[in-house]
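S.K.: Please build the complex by placing chains B and C on the supplied structure of chain A, with the hints as guidance.
Protein chains in written order, with UniProt numbering: chain A, 1 to 103; chain B, 1 to 131; chain C, 1 to 118.
Just so you know, the hints here were simulated from the structure itself, not pulled from any lab data. Careful: at least some of the hints might be erroneous.
[What the hints assert, rightly or not] Mimicking DSS-like on lysine-lysine, the simulated pairs with C-alpha atoms at most 25 Å apart in a straight line are:
| no. | chain 1 | residue 1 | chain 2 | residue 2 |
| --- | --- | --- | --- | --- |
| 1 | B | K84 | C | K80 |
| 2 | B | K16 | A | K76 |
| 3 | B | K54 | B | K114 |
| 4 | B | K113 | C | K72 |
| 5 | C | K72 | B | K54 |
| 6 | C | K72 | B | K17 |
| 7 | C | K80 | B | K17 |
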Amino acid sequence: MADDQDQAIPVQTVEEPLDLVRLSLDERIYVKMRTDRELRGRLHAYDQHLNMILGDVEETVTTSEIDEETYEEIFKTTKRTIPMLFVRGDGVILVSPPMRTAT
Amino acid sequence: MNYLPGTASLVEEIDKKLLVVLRDGRTLIGYLRTIDQFANLVLHRTIERIHVGKKYGDIPRGIFIVRGENVVLLGEVDLENEDKLPLEQVNIDTILELQREQQVERELEQDRKKKAMAERGIHVDQAIDDF
Amino acid sequence: MKIVDGMVEGTRGRGGRRISWVKNVKDSTGMKISECCEILLERERCICGTLHSVDQFLNIKLTDINVTDPEKYPHMLSVKTCFIRGSVVRYVQLPADECDTQLLQDATRKEAAQNKQR
Chain A
1 MADDQDQAIP
11 VQTVEEPLDL
21 VRLSLDERIY
31 VKMRTDRELR
41 GRLHAYDQHL
51 NMILGDVEET
61 VTTSEIDEET
71 YEEIFKTTKR
81 TIPMLFVRGD
91 GVILVSPPMR
101 TAT
Chain B
1 MNYLPGTASL
11 VEEIDKKLLV
21 VLRDGRTLIG
31 YLRTIDQFAN
41 LVLHRTIERI
51 HVGKKYGDIP
61 RGIFIVRGEN
71 VVLLGEVDLE
81 NEDKLPLEQV
91 NIDTILELQR
101 EQQVERELEQ
111 DRKKKAMAER
121 GIHVDQAIDD
131 F
Chain C
1 MKIVDGMVEG
11 TRGRGGRRIS
21 WVKNVKDSTG
31 MKISECCEIL
41 LERERCICGT
51 LHSVDQFLNI
61 KLTDINVTDP
71 EKYPHMLSVK
81 TCFIRGSVVR
91 YVQLPADECD
101 TQLLQDATRK
111 EAAQNKQR
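The following block holds chain A by itself, in its conformation from the complex (with noise of 0.2 Å):
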């Protein structure tokens, strides 16, 4: 994963929050947003604002509704898939770094 041959930049040493961000450049990350959204995408760009640029993402929305019959709440789940995504860091809850058990 490692993958900073660029002379430009500093050792990898984790001081602050962004740094932990940096280091996901380039895999597959998980972003919790405000009303009820998570995106999974691949990290190519973010800035102190957290805006990012993500690839393949795939977007899920939860809605929570009660049926007025039965009471029993129903959680529905959208999902659909986006090729290439600007998100805007105000919309930000979370970033996860890629998961290591995976590959």
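M.R.: Using the frame of chain A, we list chains B and C on its own:
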């Protein structure tokens, strides 16, 4: 005003007839007279346009100073096609009545949901639609 | 194309920092003016159009716009070009084949390094 090419600027829109959509869903149509860096706007000869289904009505409002943070978007009104819309204009009273009916319906729907939630011990903030 | 170049260099020269890879968005999409991008706003409003310009607040100007659900937004029928306030934008869907992901990643790393030095 000096701005760079490729920069989204409202300067070119000044004195044009613009449609402004606000965060609460209202639609204003008026002539943009001045702007600032926050996209605060001054609209002149403004009307508020209310749409219900395929019908719409206009309410004359006059001059507006709109605080930028409430602006969702501004669009230049296509003056050539302005009158060729597949919509029907009705008078103010009619559209207000239609809007009221629509509103009542929505509130009933929300109440039903809220009640169902409350019976399960979930209290829903009214803030849901506030964003 | 030149317009976009001017914007990128100009903005960089002035402040140095900040404009960042946002310029690469313009590099990758703004130039190919034929391509569409789709903006998803609060309350599920969704507008398709050609990216005309962006500013430092990420306010966006679109030309040739299409609203995905004209039934829901009849008022947009008479509008061809629009200015969207950056603060109401949730997503921008970009044309994937126009994005140089390597360029984006390099620019992000460079910017992260620059921010470190300050």
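S.K.: What are the numbers of the hints the structure violates, in ascending order?
M.R.: 2 and 3
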